[in-house]
Amino acid sequence: MNRRAGSVMRLATPVKAWTQRFALLFLAGVAVALMLLDKADSVVVERARSAVADAVAPILDAASRPVATFNEMVEQGGQLVSVAAENAELREQNERLRHWETVARRLEAENEALRSTLKLVPDPTLHYVTARVIADQGGAFVRSVLLSAGAREGVERGQAALTGDGLAGRVAEVGNGTSRVLLLTDMNSRIPILVGDAQDRAMLVGDNTAEPHLQYLEPRVEVKPGDRVMTSGHGGVFPPGLPVGRVTSVDEEGIRVRPFVDWGHMQYLRLVDFELPGILRSFDGSESPGNGR
Amino acid sequence: MKQGVWHRLDIIARSLSPLAITLLLIMVGMVPLQIPKIAPVIPSVALIAVYYWAVHRPNLMTVWAIFLIGLFQDLLSGGHLGVGIMALLMVHVVIDTQRRIFARSSFQALWVLFAIVAAAALYLMWLLNCLLQGVFLEVQPVLFQYLTTVAAYPCLAWLFAQAQKAFLK
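Protein chains in written order, with the working numbering: chain A, 1 to 293; chain B, 294 to 462.
Calculated directly from the structure, the hints in this document are not laboratory data.
No residue lacks a Cβ here, since even glycine has one placed at the ideal position from N, Cα and C.
It is possible that some hints are incorrect.
Just a sample of chain A residues kept apart from chain B, beta carbon distances all over 12 Å, derived [stated by the list, open to error]:
{"no.": "1", "residue": "ASN176"}
{"no.": "2", "residue": "GLY196"}
{"no.": "3", "residue": "TYR216"}
{"no.": "4", "residue": "VAL221"}
{"no.": "5", "residue": "HIS234"}
{"no.": "6", "residue": "PRO243"}
Sample of chain A residues at the chain B side, in silico, Cβ under 10 Å [said to hold, decoys possible]:
{"no.": "7", "residue": "ALA23"}
{"no.": "8", "residue": "MET35"}
{"no.": "9", "residue": "LEU37"}
{"no.": "10", "residue": "LYS39"}
{"no.": "11", "residue": "VAL133"}
{"no.": "12", "residue": "PHE141"}
{"no.": "13", "residue": "ASP186"}
{"no.": "14", "residue": "MET187"}
{"no.": "15", "residue": "ASN188"}
{"no.": "16", "residue": "MET266"}
Only chain B is shown next, with the shape it has when bound in the complex (with noise of 0.2 Å):
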């Protein structure tokens, strides 16, 4: 009985991992690291993690991790309350509704399609800011940082795998 316990525990702490590491990166993210004009254009990490996890396990990144992690990276970067979780959640419906897609795709066809979903979520996130805000924002900073975001998805992609190798089997 009580190692049925600790064999729940571990298998509930092993399904938590993908959310932890999210969060984890999040926060390595947004340490100063002291190179002119990088903040601006630093990854979104949290759009490679919702959307590696929602291709790869996507039992383990259910509605609420995606909502979570929105709200955390929201509050933590001081940006408009709201704007990263919606376009979280938009990933999260464009690789449900086309799971058959993204399920048989190779790694490079991962890659574009990555490319393609982050473009919409950056978009959104542009449009939501310049609706709350009022005025038309500056395309470029966001160009930069989805072309560095689409960049760090295979440095990414390949930590989440080795995570998954080792926590989840």
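Chain A on its own, in the form it takes in the complex (with noise of 0.2 Å):
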């Protein structure tokens, strides 16, 4: 009996190594198949992703909420010991600000009335919807957030997101109660703005840095630091106009754009549902037939 389970053993022992050998290669392959699988842009990829994301949701998010009202009480206590700097500050600011209402209110005024004797086409109306951040550290190789709305809330795919400040990503994929949004640092965000006054066109190029730069400017075109950079709503996916940075640097190796969101206070994150203008819709009216004839 002991004979028999020595000689066992001493079969076991080399078989139990080549099978872990085996299962070893064969792992590795199928890392590299999923790999080529990701490149290819599958769909199943993007559905296993939204599956795993809406299955540790619930945890995600019942971690996530100490950390946010710990983090709130941290920050109001720290209000409190600069109330009153910051109540000056206020005031001044609120003086400014109420000269700028009145030029708004003038402006608008206006842009109504020019509107209207040019008989433009309405902007359409945006729907938001307002998620919840429950996970931000995906490491060295990606800048994305995953949100706790999903296709259940009406969120879709290609979505702005954005903060109070500014453009945040785009909604990258849509789980049931989850959603991921590329922040525009991503070495895949790309997205079409306009920079400056004069309002160039060029794409901004996210490359995992903390400022994404500029491609596919005009060669003539004159950017300097400073400039206000925002979408520019080709491509219809963006609501054109979104405010998303400003330009830090201008030298031979390329534009830098610093986004306005506030990176580290990105607690919750609008999605902005943009229905473009239907031309479809406005033309199937009875009074825009009726006014051509």
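Hints are included, so try docking the two chains, each in its own frame, into the full complex.
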């Protein structure tokens, strides 16, 4: 009996080692296959990502709440200290903003009047979905966040994600109750924008650094640090005119833009449901043909 | 007989604890901390966990478990699928082939060895990401993540050691 067990063991050890080696090779092969599958933008991979995100969303959601609350408390404590100085500053700012309000109102009225004389097709109405950020640490190779809203709440691929400061990114994947937002800074992010007062067209390209750069700018266009960058609306995915950031440096290496978004305090994101002004919609009404003839 | 079933279930549950702890920590590591600029340099929990368990309890951190951890992390983090898996499998291969060195090392020596293994793993991830993306990626964020990962090793190793004492005796 003992002898037999011994011989089985002697046989089993190399067999075990062999199967382990085989398993390793097999799994490495699967990993390579997954890389190729992912590279080919497979729907299967996207579904798998959404499924995993949906599955762990309750855990992430529960875990992110106390952290957010704690941070808010710390922030409030800090604000109490500087409340007097801040108050003075806000008063001053308020004065300035009042001035701007009158300017804005005047411009709005003027705009309205000009629009009515031009018979401009009105911009589409925007619907917002607000969602909490439940995961944000992807490591060194990816800049994306996970949100606690998905197809169930009306989130769709390609929607723009905003904070109060400006554009943060666009929705890249949608699960049932979660969605992933690819941030402006991710190396896969490409956003059509307008730069400067002249509103020159360009593409804002992320490269995993804090400051994405501009591409496809026409050669003779002059851009200087401090120029504002906003979405152009080309491609019809984003509403035009969303604030994006400010040009920080212009040199041989390229034009860098610092986004307005405060990445450190991104607790909620607003997703914009932007419906293109339906060309069909404006012509199937009774007034358009009537006006034409 | 009944006790035997429970006993067996208990053993299975205990032997799954390294995998469960690792998956849980990966999730915890993704919770938004609202600290500026921390997201890109957050330590790679999976790397530390796989290294620790592959050194201390290789029978509980099998290639299948490592594959599962890599897949989970790649899917959840939104990075290129398969890259994390490859890096973790590489860690396994290094430890498995150099077992004699790792088995005899003290804690400090294991930390130094981890610094070397982590450098190789993150370099592999950087290389694969560059290949898949078709461009040269900035090295700086990877370097920072490497430093935070090496710095976080003692802390997480202590945590795993406590878990090992509690669940695996």
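Chain B contact restraint for A:LYS39 - C-beta distance below 10 Å: Constraint on A:LYS39 satisfied, holds at 6 Å.
Using Cβ atoms and 12 Å as the threshold, tell me whether A:VAL221 really stays out of contact range of chain B. holds (24 Å)
Does A:GLY196 really sit off the interface, with its C-beta more than 12 Å from all C-beta atoms of chain B? Since the minimum Cβ distance to chain B is about 27 Å, A:GLY196 lies beyond 12 Å and the statement holds.
Checking hints one by one. Is A:MET35 an interface residue toward chain B, by the C-beta closer than 10 Å rule? Interface hint status for A:MET35: holds (4 Å vs cutoff 10 Å).
Does A:HIS234 clear chain B by more than 12 Å, comparing its Cβ with all Cβ atoms of that chain? Its Cβ never comes within 12 Å of chain B, the nearest being 24 Å, so this holds.
How about A:ASN188: closest beta carbon in chain B under 10 Å, or not? Holds, about 8 Å.
Minimum beta-carbon distance criterion (10 Å), A:ASP186 to chain B: At about 9 Å, which falls below the 10 Å cut-off, the nearest Cβ of chain B leaves the hint on A:ASP186 intact, so it holds.
Decide, holds or violated, for the assertion that all CB atoms of chain B are farther than 12 Å from the CB of A:PRO243. Correct as stated: the minimum Cβ-Cβ distance to chain B is 20 Å, above 12 Å.
Holds or violated: the hint that A:MET266 contacts chain B, with Cβ atoms closer than 10 Å. holds (7 Å)
Using Cβ atoms and 12 Å as the threshold, tell me whether A:TYR216 really stays out of contact range of chain B. holds (16 Å)
Interface hint check: A:MET187, Cβ to nearest Cβ on chain B, cutoff 10 Å. Holds or violated? Holds. Min distance 6 Å.
Let me know if the C-beta of A:ALA23 comes in closer than 10 Å to any C-beta of chain B, holds or violated. Cβ of A:ALA23 sits 5 Å from chain B, so the hint holds.
Violated hints are absent here; each numbered hint is respected by the structure.
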